[in-house]
Amino acid sequence: MIRLARAAIRANLDAQFATPVNLLAGAFGMILNNTLMLAGLWMMLFAGKPQHNAMLPYFLSIQGVMALGWGLVNFFFGGFRQLATLIEEGQLEPLLATPRSPLLLAGLSRSDVSAFGDIVQGFLVIAFVGWIAPLDYVLRSLLVALIAALGWIGLFTLAGATAFFFARGSSIAQFLIEMTLGLSVYPTGKMLGPDIRWILYFTPAVAIGVLPMEYVERAGISDFLFAIAAVGVLVAGAAGLFKLGLRRYQTVSYVGPRS
Amino acid sequence: MVETLKFYSKYSFFHVLEQFEGMTSTLAFYLTFPFYVWVLTWMWNYFNSYQGNFSRSEVITYVAVTELLFFSFLRPGRFGGKAQSDFSIALARPRHWLGMTFSSLFAQILTNRLLYCAIALLLIPPVGATLRGVVDAVGRLLVLLPLVTIIAVLVTCLFVSAKLFWEQTEHFVLPMGKIFLALGGVVGPLADFTEPWRSLLVALPSSDWFFQVGYFCVKGHFFGLTFLEWTLRISLQIVALFSLNVFFYLVAKRHHQSYGG
Chain A
1 MIRLARAAIR ANLDAQFATP VNLLAGAFGM ILNNTLMLAG LWMMLFAGKP
51 QHNAMLPYFL SIQGVMALGW GLVNFFFGGF RQLATLIEEG QLEPLLATPR
101 SPLLLAGLSR SDVSAFGDIV QGFLVIAFVG WIAPLDYVLR SLLVALIAAL
151 GWIGLFTLAG ATAFFFARGS SIAQFLIEMT LGLSVYPTGK MLGPDIRWIL
201 YFTPAVAIGV LPMEYVERAG ISDFLFAIAA VGVLVAGAAG LFKLGLRRYQ
251 TVSYVGPRS
Chain B
1 MVETLKFYSK YSFFHVLEQF EGMTSTLAFY LTFPFYVWVL TWMWNYFNSY
51 QGNFSRSEVI TYVAVTELLF FSFLRPGRFG GKAQSDFSIA LARPRHWLGM
101 TFSSLFAQIL TNRLLYCAIA LLLIPPVGAT LRGVVDAVGR LLVLLPLVTI
151 IAVLVTCLFV SAKLFWEQTE HFVLPMGKIF LALGGVVGPL ADFTEPWRSL
201 LVALPSSDWF FQVGYFCVKG HFFGLTFLEW TLRISLQIVA LFSLNVFFYL
251 VAKRHHQSYG G
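Keeping their order, the protein sequence lines are chains A and B. Take 1 as the starting number for the first sequence in this note's numbering and just add one per residue. Take 1 as the starting number for the second sequence in this note's numbering and just add one per residue.
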């Protein structure tokens, strides 16, 4: 499995670096995209508002963590995000004919060139946090970015697996991903009122953004364990749903119309 | 001239009907609209409500208007994909590619925005805005919609043309969109920014297309501008964008023909 992953990643990287103009344009475009968003949000939320300065490290850290986690998954395992489309378009069929895990093969099948920009930008933002926060805050942010990356894989798998059960699974998948992105990229863990914050715990954002960022802030062992447990539940649940859907998909008769 | 207008009208109407073709597949996507309004309003509430420029209901309505405009802004893949693939054939047709692209994009984007207006009337009041406020805002938006839609069409057209002679243009669609999302007042009203950023951003054209429109819909007047001044600014921007479109089209055509089609 590891050899397969290494070979697939190397093949994807070779393909990306074979067109350096495309790679550079994609990376630069994404860095520009994220920087403009960061600059705009900083102007809107923090510029000239010293009462919010205490929240700046948290805000920057969450931007960096999300960018880095998202970038790692989409650059090296870009197929996960396209899982619903792969299933709808019948591109899962060839992957079922191999002795390997179809989910892993699907994940390794694509690489998003612009995600390289997310990786670079994520690193730069987390490094910048080092100017305004202690070093251990930065190190926890880097660790949490890896946890967030696992969380994104779990979310993409969960969202993609809906294509096994619903006719328009790709649009449901897109909604789930957009919703989680919105709840994770913005500091919802802090800004939602206590009467409504509980909603987050019923969304994948709790595993990707909320609990991991609580570990970054508080540095408690229990916070770290909660973050790991949440991501574990998300990934396990997503893998289970995919397996269930795949069994259903494989047992459908080809003679009649597919439900 | 009459025949030409009849042709473009029918062509536009065809693309209006196309918008309803894949409705069920985009239904889930439409639900992201009230969701983002809800999240962004919470963010405004936490960071900017103390300034007192807007009530919570007003901000919900404001963000609904700007998000409604932004959801159909600069989506060349979604709205302009067919125009790109038709470029070669269009060069052999008696109808101008720019005219056909403009009329189809205008129809698609306007219809899409009208659909979002209907969704706003249904789904934004439950998020926390008053129904009266949303109805007033949508009514005011309908007055401005044709002009701002022309802007959206011209910007989308630019990217469609640019992609014809440089494939990597698609990587700059997202950052271009972020200029408007973060700096044009989509995520939150520019009136809540502090100086010097507020003056700087309000002076940019991006604020005319989103912030000023949202502010007008909520407050009934523009921020620091009269209606005539805003209309003049938009008209000049339309002329500039149209000129750019012609230039980009000519470059794309020369590149396409010298490339061999």
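Just so you know, the hints here were simulated from the structure itself, not pulled from any lab data. There could be a bad hint or two in this list.
[To be verified] Derived DMTMM-like pairs: lysine to aspartate or glutamate, alpha-carbon spacing no greater than 25 Å straight-line:
1. A:Lys49 to B:Glu58
2. B:Lys219 to B:Glu229
3. A:Lys190 to B:Glu58
4. A:Lys49 to B:Glu195
Structure-based check of each hint:
1. A:Lys49 to B:Glu58: holds (22 Å)
2. B:Lys219 to B:Glu229: holds (17 Å)
3. A:Lys190 to B:Glu58: holds (23 Å)
4. A:Lys49 to B:Glu195: Holds, at roughly 11 Å.
Comparing the model with each numbered hint stated earlier shows that all of them hold.
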